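Number of protein chains: 2
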Amino acid sequence: MSALVSASKVLDGAATAKAIRQELREEISRLRLSHGVSPGLGVVLVGNRPDSASYVRMKTKVAEEIGVHVVDARLDESADQEAIVAAVRRLNDDPDVHGILVQLPLPAHVDESIVLGAILDDKDADGFSATNMGRLVLRGGPRPLARPCTPAGCIELLQRYNVTIAGKHAVVLGRSNIVGTPVAALLQACDATVTVCHSRTPNVEGHVKQADILVAAIGKPHYVQAGWIKPGAVVVDVGINSVDDPTAKRGYRLVGDVDLNAKDVASYITPVPGGVGPMTIAMLMSNILNLTRHALGIVDVEDAAAGRGAS
Amino acid sequence: MSALVSASKVLDGAATAKAIRQELREEISRLRLSHGVSPGLGVVLVGNRPDSASYVRMKTKVAEEIGVHVVDARLDESADQEAIVAAVRRLNDDPDVHGILVQLPLPAHVDESIVLGAILDDKDADGFSATNMGRLVLRGGPRPLARPCTPAGCIELLQRYNVTIAGKHAVVLGRSNIVGTPVAALLQACDATVTVCHSRTPNVEGHVKQADILVAAIGKPHYVQAGWIKPGAVVVDVGINSVDDPTAKRGYRLVGDVDLNAKDVASYITPVPGGVGPMTIAMLMSNILNLTRHALGIVDVEDAAAGRGAS
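Respectively, the protein sequence lines represent chains L and G.
Add 274 to a position in the first sequence, counting from 1, and you land on the number used in this note's numbering.
Add 274 to a position in the second sequence, counting from 1, and you land on the number used in this note's numbering.
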């Protein structure tokens, strides 16, 4: 896992993800030759949200580019919980599907935890199950079969740029199940000292000012001011916020949770877009490959996951 | 859940645990009347470590005092992993056993994670399983059937003394599966901003000095100096360390991780012994009662756990 050389301070997620996709494409090609199997990703998409449809299109495009076949399960916005769970179960039972993702958010009348809970641990492509999350958090013992993709992408990006995590003070903004909580666990597993701030934290600025590594995942455009960043800190901006911009072709642009001027203070910073976003999809594909290997009994997935990242 | 009145700064775990045991005794008595069932605790003890034997004696004494019957599985120090796992499975299959604990540490030739992994999630008295830990960490979704006892005891003690957790900065020293990691998750679930320090943290003192609530769980006698404590902070000392003391009857005494003079700086502090220790056993019994209710299908254990503590 060689480091990319970067002349600038940018943690280039687009370029890094491209390199990972190429590695995965080669590994998948070898797998097909040796075992006659191509990894399969089951995708459950409910309703017509344009953002969800766009994410699924991006994931499908990357999957097909690297040799992962996609099995779609599309349901109408009005589909009830039982119908969605039934769709998950069909993918659970499909031997050609090695990983399943349910595109979130689900419609308001559906209990997401019940739908996600229906995915077999062995096919949990997003690593969101309680068992996988518990394994992520616990020291020792079996490793998770898959790690949540955005957090794994943050860590992988730092590691490929040889950013030291051990011994650093990492401050995570946000405690969501999808980003904040698992990224804190992964940073701690890499021997960072981790502080997690959230909506009930009175003095976020005071915590951010101490961060050697800042991971912002709260979904508030430019919430973190450049003046809060400790000089030389590493900034990972997970936020992808849409803000009005009459000068943009679509009338909006995407911005992160961190003010753009932070680039003048930080030693490394992820751009938005082109930072964590592409890494997320690459790590999803890495999870699918690991789950496929696990299903084939080829290799100890624990070791594979440990080798690829931050366990 | 009324607060105890304390004239001093002491968070009196012994008195609080006594009150909880009395509550549990009454609840168990009602359960026996209504359902003809008494909660059963299966205890696996391997070898002859005096400390382990002592812990098991204490747990057994409390269990019997409140109406929990104990089913012992004692194995020789030389017992191999298969024999220990088989003992766990027998307790899994015993309908009179509602919760199982394996007294740690196990002999060095045994993989603890495999033995603990053999306990059914529904009988995981210590709340150590990956699934229970994942549920503890995740926001929303099903709650854990049991919560790790020492962390749950810390939170329960703070809550019974009406110590405000929400919005406070909590610093946890230690990241063990048994204490540090789950107590950090519980504090965060109570809306504290949490920092976890560990063996790779370069400047523990600097973090401790910022703590509104300090939980010390590193097992180093008097490691935390009184001068590190922020005036008015709440100190929960989980350490139970044996130090030589020729003046003591047994030649040693038990001390915590925090210097005794911290009591002059903190607003509240747990004594060692008599602080977190008795709370741990009380929370174990609370877990057993919840697991018994779950087995009987009486009550939503999620709600019971949420009502009793920090979910």
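Check the hints yourself; a few may be wrong.
To be verified - Okay, the calculated beta carbon distance ranges per label pair: (1) Pro416(L) - Asp370(G): 50 to 60 Å; (2) Asp385(L) - Glu301(G): 25 to 35 Å; (3) Lys483(L) - Ser326(G): 22 to 32 Å; (4) Glu339(G) - His309(L): 34 to 44 Å; (5) Glu301(G) - Gly414(L): 32 to 42 Å.
To be verified - Which residues of chain L face chain G? A partial, calculated answer using Cβ under 10 Å: (6) Arg348; (7) Ser352; (8) Ile388; (9) Leu410.
To be verified - When the alpha-carbon atoms are kept at most 27 Å apart in a straight line, the in silico DSSO-like pairs for lysine-lysine are as follows: (10) Lys483(L) - Lys292(L); (11) Lys292(G) - Lys483(L); (12) Lys483(L) - Lys483(G); (13) Lys504(G) - Lys504(L); (14) Lys483(G) - Lys523(G).
For the record, the hints were derived by calculation from the structure and aren't laboratory data.
The structure presented is a predicted model; accordingly, all values stated were derived computationally and were not measured.
Think of the CB as a built atom: it goes at the ideal place given N, C-alpha and C, for glycine as much as any other residue.
Item to check | Ascending list of hint numbers which this structure does not respect | outcome: 1, 3, 4, 6, 7, 10, 11 and 14
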